[in-house]
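The listed protein sequences derive, respectively, from chains H and G.
So in the working numbering, spot 283 of the first sequence is number 283, and the numbers just go up one at a time.
So in the working numbering, spot 407 of the second sequence is number 407, and the numbers just go up one at a time.
For the record, the hints were derived by calculation from the structure and aren't laboratory data.
Just so you know, these numbers come straight off a predicted model, no measurement behind them.
Everything hinted at is true.
Chain H stretches covered by chain G per the calculated footprint, using a threshold of three residues with CB under 8 Å from any CB of chain G: (1) 70-82; (2) 131-140; (3) 240-253; (4) 261-273; (5) 350-361; (6) 373-381.
Glycine included, every Cβ here is placed at the ideal spot set by N, Cα and C.
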Amino acid sequence: MSPLLLIASDELRLMVRNRVALIAFALLVLLTLAAVASAWSHQQHAADLRARHQSAAEHAFDAQPDRHPHRVVHYGHFIYRPLSPLAAFDPGIDAFTGSSLFLEGHRQNTANFGDVRQSSLLIRFGQLTPAFVLQTVAPLLLIFLGYGVLARETERGTLRLLLLQGVHRSHVVGGKLLALGAVTLLAGLPAMAGFALIAGQPGASALPMVVTALAYGAYLALWAVLIVFVSARVSHSRSALLGLVGFWVVTAVLLPRIAPDVANAVVPLESRLQTDIAIGRDLRRMGDSHNANDPHFTAFRQSVLDRYRVDRIEDLPVNFKGLQAIEGERLTSDLFDRYAAEADAAQGRQNQIVRTASLFSPPIALRSLSMAAAGTDLAAHQRFLSQAEAYRFDLVQRLNQLQAHGVSYADDSASDPGADRRKRIAADNWRQVPEFDYRPATASELALGALPGLLVILGWLGLSGLLLIMATRRLGDR
Amino acid sequence: MSLWMHEARLLMRSRIVLIATLLLTVFTGAAVVTGLREISRQEGAIAAIPAAQAEDLAAVAARVAESQDAGTAAYYSFHPTWDAPAPLAFSALGMRDVSPYMLRVRALGLEAQIYDGETFNPELALPGRFDFAFVLVFLAPLFVIALFHDLTSGEREAGRLHTLSSLPHGGRGLWFRRATLRFALIWLALSGPFVIGALASGAPIVGAAAVMALTAGYLLFWIVVCLLISRLRWTSVANAAALAAIWLVLALVLPTLANVVINRTVPVEQGSEIALAQREAVNRAWDIPREETMRRFYANHPEWDGIAPLPSTFHYKWYFAFHQVGDEAVADQVLAYREGLERRDAAARTLAWMLPTVGVQGMLTRLAETDLEAQLAYQDDIRGYHERLRAFYYGYLFRDRPFSPHDFQRAPKFTSRG
Chain H
1 MSPLLLIASD ELRLMVRNRV ALIAFALLVL LTLAAVASAW SHQQHAADLR
51 ARHQSAAEHA FDAQPDRHPH RVVHYGHFIY RPLSPLAAFD PGIDAFTGSS
101 LFLEGHRQNT ANFGDVRQSS LLIRFGQLTP AFVLQTVAPL LLIFLGYGVL
151 ARETERGTLR LLLLQGVHRS HVVGGKLLAL GAVTLLAGLP AMAGFALIAG
201 QPGASALPMV VTALAYGAYL ALWAVLIVFV SARVSHSRSA LLGLVGFWVV
251 TAVLLPRIAP DVANAVVPLE SRLQTDIAIG RDLRRMGDSH NANDPHFTAF
301 RQSVLDRYRV DRIEDLPVNF KGLQAIEGER LTSDLFDRYA AEADAAQGRQ
351 NQIVRTASLF SPPIALRSLS MAAAGTDLAA HQRFLSQAEA YRFDLVQRLN
401 QLQAHGVSYA DDSASDPGAD RRKRIAADNW RQVPEFDYRP ATASELALGA
451 LPGLLVILGW LGLSGLLLIM ATRRLGDR
Chain G
1 MSLWMHEARL LMRSRIVLIA TLLLTVFTGA AVVTGLREIS RQEGAIAAIP
51 AAQAEDLAAV AARVAESQDA GTAAYYSFHP TWDAPAPLAF SALGMRDVSP
101 YMLRVRALGL EAQIYDGETF NPELALPGRF DFAFVLVFLA PLFVIALFHD
151 LTSGEREAGR LHTLSSLPHG GRGLWFRRAT LRFALIWLAL SGPFVIGALA
201 SGAPIVGAAA VMALTAGYLL FWIVVCLLIS RLRWTSVANA AALAAIWLVL
251 ALVLPTLANV VINRTVPVEQ GSEIALAQRE AVNRAWDIPR EETMRRFYAN
301 HPEWDGIAPL PSTFHYKWYF AFHQVGDEAV ADQVLAYREG LERRDAAART
351 LAWMLPTVGV QGMLTRLAET DLEAQLAYQD DIRGYHERLR AFYYGYLFRD
401 RPFSPHDFQR APKFTSRG
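Pulled out of the complex, with its shape left as it was, chain H reads as follows (with noise of 0.2 Å):
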């Protein structure tokens, strides 16, 4: 057996002797299989029930009897979020924003009923994930594993004996490199076996899964370089468990809240109230469609009236309220899309602090790609909302133009007793609407937004990878 092997499995067989890292490991395992059990059902359970409630709204939206357009306008529709396959990997913020959004005329809702809202102060202690588990849980129980490897020997003066017989220096760290990193593998395993799972639904593209599979695989070998190198270039034991645990504490713990944090008072954002009166304010400037003598639709009348060569609104062909509808509401999506895009753009400006700060931390940079290719971050959330918004223009434009085309404007004006049902039309132009159909990210998109964050973690591994070869050359100097 080679020098090589030889300290690897000895060291591998101290461990095992090790009783309290034996249990370690075994929580570790435990954890992560709870972690994907809990994480695969409550996927399922979420997804499910996101598709009942969402057919549950379609069916009530086909079943309405007739009506007027308008009343369907603000009847509105509901729609969910659905949860991507890799949810049950990583869910991301999937808990911190709502999944139910009610679309209608004139407003743009929140999305609502978000977990974060409807969950015990647990939820901010962190998610039982196995993306959570491999991201924090996992690194420190190598240190718990790791962190004596060479100090250890260096503490007790067997390392000096070893090199004194002849072992290459490059085969002592190698051996102990091995060692760990077999560990390594053993800890990512359960993880992997829930990705196995994931890997056969419906909707689960390979590349993000492989870019995933590659970055976590990256960031814990990382992590045994670094503790292979601390326990190289210090003298004590104790001292290499104290530095690694800090340096896991900063980075994991401790940056990943400062940088939020930062953020925040960086670029603030607007409050809805703010942004709500705001979009009033330009709406009244805009062109007020309750007003008779407002400019902008006292303009858009003569526009429409000229379009069609006659005098009076009464002697159009198509029912003007409708067509007032359909202008009043392209006036406000307008300004919808145009506060949407600027509250976007402040929530990206925030994120790109963050994604500076991972530059400091290999968690955070984990956190950002993992959630990125599994398309449960703030884009894909974003990319959810932007859709629906679309949708949503799409819905009232469509009700607006049956106003318009179905409903005359002498019935539409009318008050007397049977006027309310010749305002009505058919019931059957409601399941003519087109549900709505959100298109996720491909997976090409979902790899490439999970690009940054591998960049980072790479670069982190290359350079301990290179900090670990001159600690092996000076080993055993002092």
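Starting from the known structure of chain H, fit chain G onto it as the hints suggest.
Same frame as chain H, now just chain G:
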């Protein structure tokens, strides 16, 4: 006394102790500043409401001026509500970053308005906030471990333990002095910046003292854990590893595991069902005889019955009546939803008796009034205010009284608990 001074001098000579104390003070200070900033940002947003609101309401008033119609006034006017932060909110932001602390409501159906959220960046909310509660619950134990893991084992490894044990009473006085000094150092590093923050935000003495006592209790818990581990007579490094593992289990593993168990055993799915059912109940009114709606409305609100009959044309009192009937149609679901939330919260609080990490977080957010209970209390305030709003507008609508723009000034004003 000189013995204490001697120990203190010895302690300050240790580099790790100095660095740890300094670091913890800096972290606590930063957390207090972050909390104060966030709270003052929220207070600023609340203070900006009246100006923005005046502008918005003026536009509605201009519209009402012509028609003098109370229905138009009620339909178009939004009325602000807010949840002013408690003085201690800076120390534990709790749910204030993900739940709305300002919400505008109209006298229309409340169930379609009360669950609306606030704009926030979910990716920033995901890891949790950097506040005093975080420093205390998550970071402080690590500093306790750093200062206590080698209290006795360090002396054993230095070969002095036997000598020290031969002191009177087995050196009990010495260990007591050492432990007390270390404890005091950590407690001061946490309490110092906190007291400054509490003074800056004008927190009541009782509340601030409770937080400081809680801090001391939580530190003592971790010190006891450290001392129990040290009785196993392991090496310093084995102590440190075991303690860090205990921290991991108590601070991260068990709370996340418990969250899964609680959310599984107490399912809360009524939220979106309320929204669906309320919409159905409200919109159905257009398809049934108006008298049927009014009958249901008057059954619950006889005080508005028999004043003026419903005209044959559209009247806003019918419109507002069916909105209220819609709210009342889902009252049972609303109650079940709320009970579900409270049962989840109660389960977590029961767990808090066994998990000090969860317990301290729970007590801090309670003292800071930023927990679920405070959120529900704010919702109750909104409900109460909405009821007064309805009564105010109904006074015009159901009595067919004209509504002049000046009448907006008579509209009920929201008052926050604080």
